[in-house]
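Q: What follows is each chain in one-letter form.
2 protein chains.
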Amino acid sequence: MDFKLELNKRIEYVEKNINEFLPKVIIGYKQSEIFEAMEYSVLAGGKRLRPILMLETSRLFGGKDDDVKYFFSAIEMIHTYSLVHDDLPSMDNDDFRRGKPTTHKKYGEAMGVLAGDALLNYAFETGLNGVIALSGDLKAVKALKILADKAGVFGMIGGQVVDIKNDGKSIDIETLDYINELKTGALIEASMMIGATLAGATEDEVELIESVASDIGRAFQIQDDILDVTSTEEELGKPVLSDEKNNKTTYCSLLGIEKAGEKVKELTDSAILKLKTLNKENEFLYELLYSLVYRNN
Amino acid sequence: MDFKLELNKRIEYVEKNINEFLPKVIIGYKQSEIFEAMEYSVLAGGKRLRPILMLETSRLFGGKDDDVKYFFSAIEMIHTYSLVHDDLPSMDNDDFRRGKPTTHKKYGEAMGVLAGDALLNYAFETGLNGVIALSGDLKAVKALKILADKAGVFGMIGGQVVDIKNDGKSIDIETLDYINELKTGALIEASMMIGATLAGATEDEVELIESVASDIGRAFQIQDDILDVTSTEEELGKPVLSDEKNNKTTYCSLLGIEKAGEKVKELTDSAILKLKTLNKENEFLYELLYSLVYRNN
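Chains as they are written, first to last, in my numbering: chain R, 46 to 342; chain X, 46 to 342.
Do not take every clue at face value.
[Claimed, not checked] Okay, derived cross-link-like pairs now, DSSO-like style, lysine-lysine, Cα gap no bigger than 27 Å in a straight line:
1) 69/X with 214/R
2) 308/R with 319/R
3) 214/R with 319/R
4) 69/R with 214/X
5) 145/R with 214/X
Rather than coming from a laboratory, the hints here were simulated on the basis of the structure.
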């Protein structure tokens, strides 16, 4: 399997679908600029990791791609809104993301707030269209509930709150785990759990998938910290040593690079072992999970 | 009927239910401050107009209060988040609301953004709990879809965008109607439509209710403009002549007070006439609709 080629196929498929769901600029709508700002934010690039994880977990359980498209679009909208709001002056105050001006830099701060709100709200409009397309099937309702829970104050938003509250403070590993589990982990868990749920996995299977995704999410975050120290700006496509500059407590600063690397391997092995107990085939998904952890950018 | 007494009963009922749904501060949750900020924002007071309109429209069609509580809580959370974000420095930059510091003044700007996000997200968590409590009944799914649509870029957020884009500009009546229909009207329509939908109203009936709510929403907004000119700060509980000070185009500045008053009467009569064609009894709802328009605060 040519992993890179297969990955790009999926990125294209995912982006095509998300783009089709986004509201379009139509004559007569006086609020068209918000449609532009939403599209600008969502289509600015990115790995499309969450949609692809959802799609491939659904395929692992024999689900239909057409059922998943509403939900993978919704989770990417939520991921995007969180970046748009994180970049705001009152939060991380970032002017650029992936080499382009951030949404509030391009459209103004008020539109930055509103574009984020719009994407969060539109994620549920899109997800509910999915529930309706599936005739109100309880699986679809539960899938959307997983998204809502994992994106909210007990998930992603909760993690962002704890992160902001500890900004500039040195924290212990328990707090660092807590922040990462919620801020990054929760949506990765949601991706895989929703894929499984839509494909008709049992509750036990969804729980196992949640645990796999939790390991992967943690390994992914630790690897992020390692790359910030060991990679070059050229490889990473963004400035390195940023955590040190920002006085951020990371797995490297708490554990050292070597131990952090061991932790990545441990978590990845654990995730793969759990996934194998399902006895289900999806070569691409396995490759994807490895690639998330053993990456250099 | 002692309208004031009956109204207060409903406000109490609605607030009790919303409060029960809100996430509580529990030991072990490091993000508890966001729960506080959400509760502070939601329980800061207010007319609870949208929840009560939803409840009473459901009752008009013989619906069960228990089915509606998730949804009236959700719409009040959405209404509240919109106020929290509207008050942010990059938007209206308001330090006080109902005599209390706004959420971002009390908890800081980053928490203002996050508390708004949290309430919007939590509205859907709550609404989806309602759908699950109703076993995925398509009526409940459609009710939540109405909420999502009316709160989004084709509804409330869209109106806010057009309002902000025209800030400080003089606008024509078409644009003023457009802003009000979306910014204020959409959620009032959603309230009544969701009440009707949950109670099993037909599509034609829901459409008629939408039109009633649209008339009421417009009358309400015009009356707001009139009161800003004709009322006293004592009666209104907030500064008067604020539109003039802010150079805001209003129905009074475009039509004059007399014509604006005629328009209020016209729209209210139209709403009541439509509602009467249903031949359904709900004395309190009729009184409530009149009170919204013929009020002095």
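Q: So, for every hint listed, does it hold in this structure?
A: Hint by hint, here is what the structure shows:
| no. | hint | in the structure |
| --- | --- | --- |
| 1 | 69/X with 214/R | holds, 26 Å |
| 2 | 308/R with 319/R | holds, 17 Å |
| 3 | 214/R with 319/R | violated, 36 Å |
| 4 | 69/R with 214/X | holds, 26 Å |
| 5 | 145/R with 214/X | violated, 31 Å |
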